[in-house]
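Novice: Please model the entire structure based on the sequences and the hints provided.
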Amino acid sequence: MASLPGAPTALDRARRVGGATPVGPRRPTLRDVAAMAGVSFKTVSRVVNGEPGVSSAVTDRVREAAAALGYRPNAAATALRRADGRTATFGVLLEDAGNHFFAMLLRGIEDVARERGVAVFTSSTDLDFAREREMTAAYVARQVDALITAPSDSAGEHLRRVIAQGRRVVLVDRTLDGLDVPTVLVDNALGTRTAVDHLIARGHRRIGFLGRDPSIYTSRGRYAGYVEALTGAGITVDPSLVHREGFTGSSPRAAIERLLDLPDPPTALFTGQDVITMTAVSVLQRRGLSDRVALVGFDDFELADLLQPGVTVVAQDPRRIGALAAELALDPAGSGVHLVPTQLIERGSGEIPA
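Add 10 to the 1-based position in the sequence shown for the working numbering, that's all there is to it.
Treat the hints as calculated values from the structure; they're not laboratory data.
What you are looking at is a predicted structure, and each value in this text was computed from that prediction instead of being measured.
There may be inaccurate statements among the hints.
[Said to hold, decoys possible] Distance ranges between label pairs, derived from CB positions:
{"#": "1", "residue 1": "Q175", "residue 2": "G298", "range": "56 to 66 Å"}
{"#": "2", "residue 1": "L317", "residue 2": "A364", "range": "26 to 36 Å"}
{"#": "3", "residue 1": "S225", "residue 2": "D190", "range": "15 to 25 Å"}
{"#": "4", "residue 1": "I245", "residue 2": "R268", "range": "16 to 26 Å"}
{"#": "5", "residue 1": "A107", "residue 2": "G213", "range": "35 to 45 Å"}
{"#": "6", "residue 1": "S345", "residue 2": "A129", "range": "21 to 31 Å"}
Even glycine gets a Cβ: it sits at the ideal position worked out from N, Cα and C.
Specialist: Encoded structure:
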């Protein structure tokens with residue numbers, strides 16, 4: 011039956027049962043939830059704080075009452091009430107949360123965090139060490155339970171301070187020497203070696219390498235895989251075919267054009283990041299070389315399968331990387347280095363013969 015105009019709402023009833031006189035709108039409390047659910051204040055507190063000892067049926071009833079009332083716990087107060095001092099929050103520091111790889115990695119973290127009632131704060135470092143250090147300090151000040159980060163090579167010292175303050179640290183996408191914390195990676199060298207071996211098997215011996223700055227952990231691993239593949243096939247590395255100075259502030263287009271303008275240009279290109287791969291596709295199309303110069307890129311990207319030819323890639327699984335990192339952040343016993351496999355996806359561009 012429909013409610014009469016002016017009839018008391020569920021929140022009004024809950025306030026009266028809880029002994030409060032409603033004076034205008036106010037934020038619902040644990041006592042309001044307890045009154046609506048027909049349970050004790052302590053039971054509601056246990057459900058909100060994720061403590062054991064409450065049946066699933068009662069837990070569901072409390073959650074339904076909280077949803078009906080629009081109750082939202084106060085994170086700071088909840089942390090003070092918890093015996094373990096946890097805040098049910100993660101701080102996440104990524105190179106660029108707008109990049110497809112890192113965006114999907116973040117989704118993986120959020121998938122796990124949502125299931126476990128953990129809020130996620132996210133920031134991008136843009137490879138700026140000062141910003142990385144600043145945001146790390148901000149997360150510690152917020153008392154996050156764990157910091158999940160794709161660190162710069164300079165991050166070791168301040169991350170050790172974070173650990174010393176009792177915060178859990180999990181590394182993703184890259185590692186740091188001398189820092190013994192849970193880490194989730196792909197084998198960048200193996201993924202690249204697989205890609206270059208694939209090109210060599212199709213007769214290519216002049217294979218260009220376009221990578222990011224060697225100060226970046228992933229870039230070093232990918233170049234190592236390139237060298238291993240060539241050396242293993244008895245091919246001498248030609249420095250004129252290698253660009254690994256990074257592209258900060260400029261497009262990789264100029265570097266790709268330089269390789270293609272060599273007197274003896276490469277018959278194939280390996281590109282070490284999705285942004286570089288997409289630029290290479292554009293350059294090859296503009297020059298009418300898409301069906302003559304083979305291309306394999308590290309990282310999959312949207313629409314790669316719809317281009318002509320489709321782009322052959324070494325695909326990572328960033329969502330799995332993020333999910334595994336979140337699981338390790340929640341597990342006090344979690345440790346070690348965890349490798350998530352890559353996959354070579356053949357779509358056409360990497361299968362062009364020399």
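Novice: All hints are to be evaluated individually against the structure, with a verdict given for each.
Specialist: We went through each hint and held it up to the structure:
| no. | hint | result |
| --- | --- | --- |
| 1 | Q175 to G298: 56 to 66 Å | 58 Å, holds |
| 2 | L317 to A364: 26 to 36 Å | 21 Å, violated |
| 3 | S225 to D190: 15 to 25 Å | 22 Å, holds |
| 4 | I245 to R268: 16 to 26 Å | 21 Å, holds |
| 5 | A107 to G213: 35 to 45 Å | 41 Å, holds |
| 6 | S345 to A129: 21 to 31 Å | 25 Å, holds |
In summary, the one numbered hint that this structure violates is 2.
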